[in-house]
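Peer 1: The chain contents come next:
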Amino acid sequence: MEPLSNKRKVLEVKPLNFLERAYLPAIVGGLSTTMKHFFKKPVTIAYPEEKREFSENFRGMHSLKRDENGKERCTACGLCALSCPAEAITMTAAERQKGEEHLYREEKYAAVYEINMLRCIFCGLCEEACPKEAIYLDGDIVPADYLRKDFIYGKDKLVEAPLNQ
Amino acid sequence: METPQLIFSIVLIVVIFAISLVVAMYSTYAERKVAAFFQDRIGPNRAGPWGILQPLADGGKMFLKEEIIPTNATGFLFIVGPSLAILTACIGSAVIPWGSAITIGGNTFNLQVTDINVGVLYIFGVVSLGVYGIMIGGWASNNKYSLLGAIRAASQNISYEISMGLSIIALLMLTGTLSLKEIAEQQHGFAWNVWRQPLGFLLFLVCAFAETNRSPFDLPECETELVGGYHTEYSSMKLGFYLFAEYINMFISSAVMATLYWGGYNYPFMDNVAASLGANPAAIIGVVVLFGKIFFSIFFFMWVRWTIPRFRYDQLMDLGWKILIPLAIANIVLTGVGSTLLTHFGY
Chain A
1 MEPLSNKRKV
11 LEVKPLNFLE
21 RAYLPAIVGG
31 LSTTMKHFFK
41 KPVTIAYPEE
51 KREFSENFRG
61 MHSLKRDENG
71 KERCTACGLC
81 ALSCPAEAIT
91 MTAAERQKGE
101 EHLYREEKYA
111 AVYEINMLRC
121 IFCGLCEEAC
131 PKEAIYLDGD
141 IVPADYLRKD
151 FIYGKDKLVE
161 APLNQ
Chain B
1 METPQLIFSI
11 VLIVVIFAIS
21 LVVAMYSTYA
31 ERKVAAFFQD
41 RIGPNRAGPW
51 GILQPLADGG
61 KMFLKEEIIP
71 TNATGFLFIV
81 GPSLAILTAC
91 IGSAVIPWGS
101 AITIGGNTFN
111 LQVTDINVGV
121 LYIFGVVSLG
131 VYGIMIGGWA
141 SNNKYSLLGA
151 IRAASQNISY
161 EISMGLSIIA
171 LLMLTGTLSL
181 KEIAEQQHGF
191 AWNVWRQPLG
201 FLLFLVCAFA
211 ETNRSPFDLP
221 ECETELVGGY
231 HTEYSSMKLG
241 FYLFAEYINM
251 FISSAVMATL
261 YWGGYNYPFM
271 DNVAASLGAN
281 PAAIIGVVVL
291 FGKIFFSIFF
301 FMWVRWTIPR
311 FRYDQLMDLG
321 WKILIPLAIA
331 NIVLTGVGST
341 LLTHFGY
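Just so you know, the sequences run in chain order A and B.
When we follow full-length UniProt numbering, the leftmost residue of the first sequence carries the number 1, and every step to the right adds one.
When we follow full-length UniProt numbering, the leftmost residue of the second sequence carries the number 1, and every step to the right adds one.
If you are wondering where the hints come from, they were derived from the structure by calculation, not from laboratory data.
Be aware that one or more of the hints could be misleading.
Some chain B residues well away from chain A (every beta-carbon gap over 12 Å; in silico) [unchecked claim]:
1) Tyr-132
2) Pro-216
3) Trp-303
Far from chain B by the CB rule (all over 10 Å, computed), these chain A residues [said to hold, decoys possible]:
4) Val-13
5) Thr-34
6) Phe-38
7) Lys-40
8) Lys-41
9) Ala-46
10) Glu-68
11) Glu-100
12) Lys-108
13) Phe-122
14) Cys-123
15) Asp-145
16) Tyr-146
17) Lys-157
18) Leu-158
Under 8 Å between C-beta atoms, here's a sample of chain B residues computed to sit facing chain A [said to hold, decoys possible]:
19) Phe-38
20) Gln-39
21) Ile-42
Every value quoted in this text rests on a predicted model; they were computed, and no experiment measured them.
Built from N, CA and C at the ideal position, the CB exists for glycine as well.
Go ahead and model the full structure; you've got the sequences and the hints to work with.
Peer 2: In structure tokens:
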């Protein structure tokens, strides 16, 4: 048959010569290899004390951002929930009352904003869909928990800490 | 036996017993550390500085774990197994010469518990008894995987004991004695037996790996084929005894190997040291030297363990019966011819 490429190699299976059959040179070679590793620097990261840096495009836990005055950016437009392929995001919108101007940037805000972390696939589409730059997946790994209900993260866990605190 | 001699012997027994237990204890720690270094890791470092208290923590855990004796196990034999394993491991140290004689208050004491003139045979007897611990344990577990592991251990030990004995015969032809003390004394200074018996040493080394059930000959235990091995059904300190016995065995066989082939407590220029420092310091340096050899040997055991994968069982048997035994016999013939020719031509 005509070869498709010139990459074909004919394998020659030679019988082992005496030294190879004696096995000992191979063992000595193996021992020297492991000995080289004995003097190498360990690659261990002692986890709780040291943490490995995440890569720049790592997507972790969501956070709802505040603007430069400390007001919540989210206007509960629902685009993030719409774009979410896992349907993990739900929210309830509310109207900003008088005297709450320092809390919310626009007239509409999210009274309830919940992300089900068991459904979330960390695709980042909510981040891309958000017209107000309110949601980012820039947090840590979502911690483990015992109950399913504890994986539904509300605003208490998602909203950034206020600026002057 | 005179009273000071008796007291010294008792003290020596206790000390050697303690040393072998401590060495075995810290071998488990060293094994984990050495494994870590070979694999570019750090190893235990939480219990105490550099994890130095790790063996104590492990021991405490072993003692506190729930002790399970399976319903269908043969209760008495189930307990005898690990006891026998650790007993045979411990009594091997009785005939090993740990150093040359030291003098205290006009009395000369040998740094050896007892110098019987069949020391080598004693060691071999004890070592071959060791497999009973594994065999009985595997049998009494009433578990087919344990039994398979025990059978593997037994057949492996029988096969390798033969070539080990044969490799020793060539050495005994040169030394002309079965007393370990005399063998050690004959290697005074730098006249170590390994220079005269390199092939014999190699055979002995391979057989020692098999006898102590160390990798690559650790067939009696194998998670992938046997669930666990001969100790599948064991828990808490009974399992601890089995694992501990393996480390004591490693220590004792390293000591035997050092005594038979690497000159025991002898080191180059020991006469000069004795002349300048006195006999007692020279003897103590000898003990240190012996322990250095033993520790290197233990390290070598670990080094090989983290390098070579386990043999397949038929390969193990092939190596034992088809290669090691013929080589050992050839070594005997070579030694006989060589030493006869040397004496004939007057060297």
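Peer 1: Are the hints correct? Go through all of them and say.
Peer 2: Results of checking the hints against the structure:
no.	hint	result
1	Tyr-132	31 Å, holds
2	Pro-216	9 Å, violated
3	Trp-303	6 Å, violated
4	Val-13	20 Å, holds
5	Thr-34	5 Å, violated
6	Phe-38	5 Å, violated
7	Lys-40	5 Å, violated
8	Lys-41	8 Å, violated
9	Ala-46	7 Å, violated
10	Glu-68	45 Å, holds
11	Glu-100	51 Å, holds
12	Lys-108	53 Å, holds
13	Phe-122	30 Å, holds
14	Cys-123	35 Å, holds
15	Asp-145	26 Å, holds
16	Tyr-146	25 Å, holds
17	Lys-157	31 Å, holds
18	Leu-158	35 Å, holds
19	Phe-38	5 Å, holds
20	Gln-39	7 Å, holds
21	Ile-42	5 Å, holds
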